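If you read the sequences in order, they're chains S and L. Heads up: the first sequence runs through residues 792 to 1068, numbered per this note's numbering. Heads up: the second sequence runs through residues 56 to 326, numbered per this note's numbering.
Because the hints were derived from the structure by calculation, they are not lab data. Values in this document were obtained by computation on a predicted structure and should not be read as measured data. Hints are supplied without guarantee of correctness; some may be wrong.
Stated by the list, open to error - If the Cβ cut is set under 10 Å, some of the chain S residues that face chain L in the computed set are: (1) Gly854; (2) Asp970; (3) Gln973; (4) Asp975; (5) Gln995; (6) Leu997; (7) Ile1001.
To be verified - Here are the computed distance ranges between Cβ atoms for each label pair: (8) S:Val858 x L:Arg148: 51 to 57 Å; (9) L:Thr65 x S:Val894: 55 to 61 Å; (10) S:Trp810 x L:Gly69: 43 to 49 Å.
Don't be surprised by glycine CBs; every beta carbon is placed ideally from N, CA and C.
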Amino acid sequence: MADGSTGEYASEESFPSTWERPTVFYNDAVKWLVYGLLVAFVLWSAWEMRVSADRILAGTEGGIGLVTAMVPPDFTPDARMRIWNGMVESVSMAIVATIIGVVLSTPIAVLAAENLVPRPVYVVGRAIVSISRALHELVLGIIAVIAVGFGPLAGVIALVFATPGFFSKLLAEDLEDIDAGQVDAIRATGANQLQVLLYGVAPQVLPRFIGLAIYRWDINIRASAIIGIVGAGGIGQTLLNSFDQYDYGFSSAIILSIIAVVLLGEVASAWWRRRVQ
Amino acid sequence: MLSVSELGKTYPSGERALHDVSMEVAGKEIVSIIGPSGAGKSTMIRCINRLTEPTEGSIVLDGRDVTGLSGKELQTARREMGMIFQEFNLVERLTVMENVLSGTLGYLSTWNAFRRNYQGEDVERAYEVLDRVGMAGRENARADELSGGQRQRVGIARAVLQRPKIILADEPTSALDPETSRAVMDLLTEISRDEDIPVLINIHEVELAREYAERIVGLREGEVVFEGPPEELDSDARNVIYRGAEPASPTVVAQEKTGVSISEVDKETSF
Ligand SMILES: Nc1ncnc2c1ncn2[C@@H]1O[C@H](COP(=O)(O)OP(=O)(O)O)[C@@H](O)[C@H]1O
Ligand SMILES: [Mg+2]
């Protein structure tokens, strides 16, 4: 116990009238050193890019030129038809890639759940997830285009390989949070391992599973619209062609359509996920 | 008949939860394991069907050594031991019927289990057992809609559907109010009689154990410190189990009243 300073009224001690929030750094010197380094780093990064005032000015002019060329957007019947075709291809790519991706990502999620598999298997599962996460859809798109050529097949492959990075990772986290008691109860009935997964594990994560699948579909729509930029099919490829032909009116029409479809997908996905949960 | 010999369990953490535990359970006996919390009761029950892996000793059920089994054989052995849990452990998002019929998983192929394609005879038994545990008509309710007592009834039905040779129950009444606890104990007694199988129950409440058990095993710090009929569980025996007093005689059974010196008890009660 301390020296009886238990908050008695009689105390004549004087208390300090200032108080400072403890710093997360050791002391003020370290704090200012860290701030100084941060500022220096930002300045160095800016200098490293060599962005001169001239360059910014020229860029602004070019930007204004492009935007002017994009107005009005070209929604002639022919343009509308080409947008529609590209969009149908993109959305189909997204749906097919979601289905295949989810089917492949589910077992990977189990492998990446620490509580369900032995340690070495878990490490392999996590590695697959991390690699898939590390590779952006566009990078995978470039690889897939090189492997199978231009077109929607490359797009689907890219999206499928990108899915575990999202779906398996989040599902694995949910699997790690399940109630072990329910799993024990099913194990105790003499069920085999697959039956334990089906009866003890799956029901606990099913709503989340469906929610994640819809969410992934929404992400895939966004990604499939853009992945065509590297030649992997869909509306992105139409967009790329329009740029190549300096057809900026058509480009802006495509961009507006992509925004509309992505927003629509997002709204639909949010509504649908809410209904499931 | 279940026969446990020299069972030991040391957790990877170094915690020695069980040491040299031997016991037999046979016929349609109701045997109750009592002991303070942390004594190793749950570990004991879970080692028997190997939800927890014992580190020493052996478990033999009807002549078959369960300790060394793996894969399909272990599953078959587990199928023969119905288990009832303190927290009921129903699969919350499944219906009552699916929970009850999950007791037959050990008899079903994975494909049939996935398709909910149960044996007609099992479905019939499921209805019958649900009726017996007082849950008739609730087969389509989801488990998470039920009260604690109802959940435990479904848990018992699930265990019975396994056609077990023994029922293991880990504090089946601890999460229930006194009245429901009694109903659950009555039900377990009845099942034991009707199915002609023994029941091994961990119980926290000594009074329930004395009332329902035909034999009581007292566990303290992972060791058996008492074994005998409820009548022999006098205050001295309870002191030994719950306060760690030295037993008057090597076997606590049938000891004299004077057995434990008071000072001994006092010394050990400073927990
Ligand atoms: N999974 C575990 N890992 C490490 N120690 C454990 C584990 N489960 C139980 N124990 C320890 O083993 C001892 C017995 O626990 P338990 O069997 O749950 O006792 P009871 O059911 O009688 O309360 C306790 O000291 C507990 O801390
Ligand atoms: Mg316990």
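Structure-based check of each hint:
1. Taking 10 Å as the C-beta contact cut-off toward chain L, the hint placing Gly854 of chain S at the interface is violated, the least distance being around 54 Å.
2. This hint holds: Asp970 of chain S has a C-beta 8 Å from the nearest C-beta of chain L, less than the 10 Å allowed.
3. Because the closest C-beta pair between Gln973 of chain S and chain L is about 5 Å apart, less than 10 Å, the hint holds.
4. Annotation: Asp975 of chain S was flagged as interfacial toward chain L, and the flag holds, the nearest CB pair being 5 Å apart, inside 10 Å.
5. Here the hint on Gln995 of chain S is kept, as its CB sits about 7 Å from the closest CB of chain L, short of 10 Å.
6. Taking 10 Å as the C-beta contact cut-off toward chain L, the hint placing Leu997 of chain S at the interface holds, the least distance being around 7 Å.
7. Violation of the interface hint for Ile1001 of chain S is found here, the shortest Cβ-Cβ separation to chain L being roughly 12 Å, above the 10 Å cut-off.
8. Distance hint for Val858 of chain S and Arg148 of chain L: a CB-CB separation of about 53 Å, consistent with the stated range 51 to 57 Å.
9. Evaluation of the 55 to 61 Å hint for Thr65 of chain L and Val894 of chain S yields a failure: the beta carbon distance comes to about 43 Å.
10. For the pair Trp810 of chain S and Gly69 of chain L, the supplied restraint of 43 to 49 Å holds, since their beta-carbon distance comes to about 45 Å.
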